[in-house]
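Engineer: All chains, please: the whole structure from these sequences, using the hints.
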Amino acid sequence: MAEPGKALGRLGVWTSTDRLDAAGLKSLLKTIEGLGYSAFWYPESRGYESMALGSFLLANSTKLMVGSSIANIYARDAFTAQRGLATLNALHGGRFILGLGVSHIPMVEGLRGHRYDKPIPAMRAYLDGMEKAGKEKLPVVLAALGPKMLELAAARTEGAVPYNVTPEHTALAAKILGPGKILAVEQKVCLEPDRAKARALGRAELARYMTLPNYVNNWLRLGFTEAELANGGSDRFIDAMVLSGGVAAVKEGLRAHFAAGATHVAIQPVVAEGDHAGREAALAALADS
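Mapping the sequence shown onto the UniProt record's numbering, position 281 (from 1) lands on 281, and the numbers just tick up by one.
Think of the hints as simulated: they come from the structure by calculation, not from any bench. Predicted model, so just to flag it, every value in this text is computed and none were measured. A couple of the hints might just be wrong.
[Said to hold, decoys possible] Straight-line Cα separation of at most 20 angstroms, DMTMM-like style, residue types lysine to aspartate or glutamate; simulated pairs: (1) K175 / D194; (2) K181 / E136; (3) K118 / D128; (4) K188 / D288; (5) K188 / E136; (6) K188 / E168; (7) K26 / E49; (8) K251 / D288; (9) K188 / D18; (10) K26 / E228.
Structural biologist: Here's what the structure looks like:
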């Protein structure tokens with residue numbers, strides 16, 4: 001089985017998958033693998049179930065590390081998560097990384113009908129349950145934003161997969177995680193030289209996240225003000241969340257995460273709905289970042 005930290009490589013791709021059918025997913029995997037990216041990350045929301053989708057992605061790729069970003073701990077019990085992780089790695093050459101997260105109240109209470117517990121105790125208990133289900137050393141990382149969840153990630157897992165963050169957060173996360181840990185950071189990119197158009201695309205992409213307290217609280221910790229997070233987000237906020245402009249400017253922004261301590265950056269192209277050609281053009285332009 002490959003060592004996940006080494007196999008993960010430098011650059012990956014993060015993409016929402018629920019609106020892609022089997023043919024679309026296969027095409028995207030072929031593109032990503034052909035461009036030399038080392039990993040593919042996908043979320044779990046209202047559509048595809050995480051483990052089943054992971055199996056499909058692994059079966060339709062040959063070299064890519066595949067990672068959940070994230071699998072919701074309220075979607076399956078800890079025993080099932082551990083055995084699913086073990087199964088996918090046993091059947092697909094150790095290419096799966098289980099990214100776990102506590103998700104958000106609407107996705108837990110509103111959608112699934114569970115009670116949303118305090119994040120740190122809930123995640124700690126879940127990791128305890130996974131350990132009881134199997135002692136194999138398997139790659140688990142946490143969707144950690146705040147210091148306490150990052151500390152838990154450092155103590156109990158291979159590392160962290162922060163989402164919607166800045167290089168300043170990356171530096172803080174790297175310090176808390178310490179050496180030898182995975183710090184796989186998602187970063188939105190928009191290869192659109194017209195700043196107004198890029199910001200409009202960024203606001204549309206970020207709108208669903210700006211109502212969720214876990215993200216809002218982290219942005220406030222990072223120094224953004226409530227005023228900057230109101231009415232779709234200030235220009236400064238949008239520019240920080242979505243790297244935009246030409247290829248050189250976006251690559252410079254990606255390098256800032258590595259300079260801050262990221263071990264891996266997952267690029268998420270921000271394009272108009274259904275613009276698969278634009279998504280693939282962005283991935284091609286940034287593959288050597």
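Engineer: Next step is simple, just say for each hint if it's right about the structure.
Structural biologist: To see whether the hints hold, each was checked on the structure:
no.	hint	in the structure
1	K175 / D194	36 angstroms, violated
2	K181 / E136	18 angstroms, holds
3	K118 / D128	16 angstroms, holds
4	K188 / D288	16 angstroms, holds
5	K188 / E136	34 angstroms, violated
6	K188 / E168	15 angstroms, holds
7	K26 / E49	17 angstroms, holds
8	K251 / D288	9 angstroms, holds
9	K188 / D18	18 angstroms, holds
10	K26 / E228	39 angstroms, violated
In terms of the numbered hints stated before, the structure departs from hints 1, 5, 10, listed from lowest to highest.
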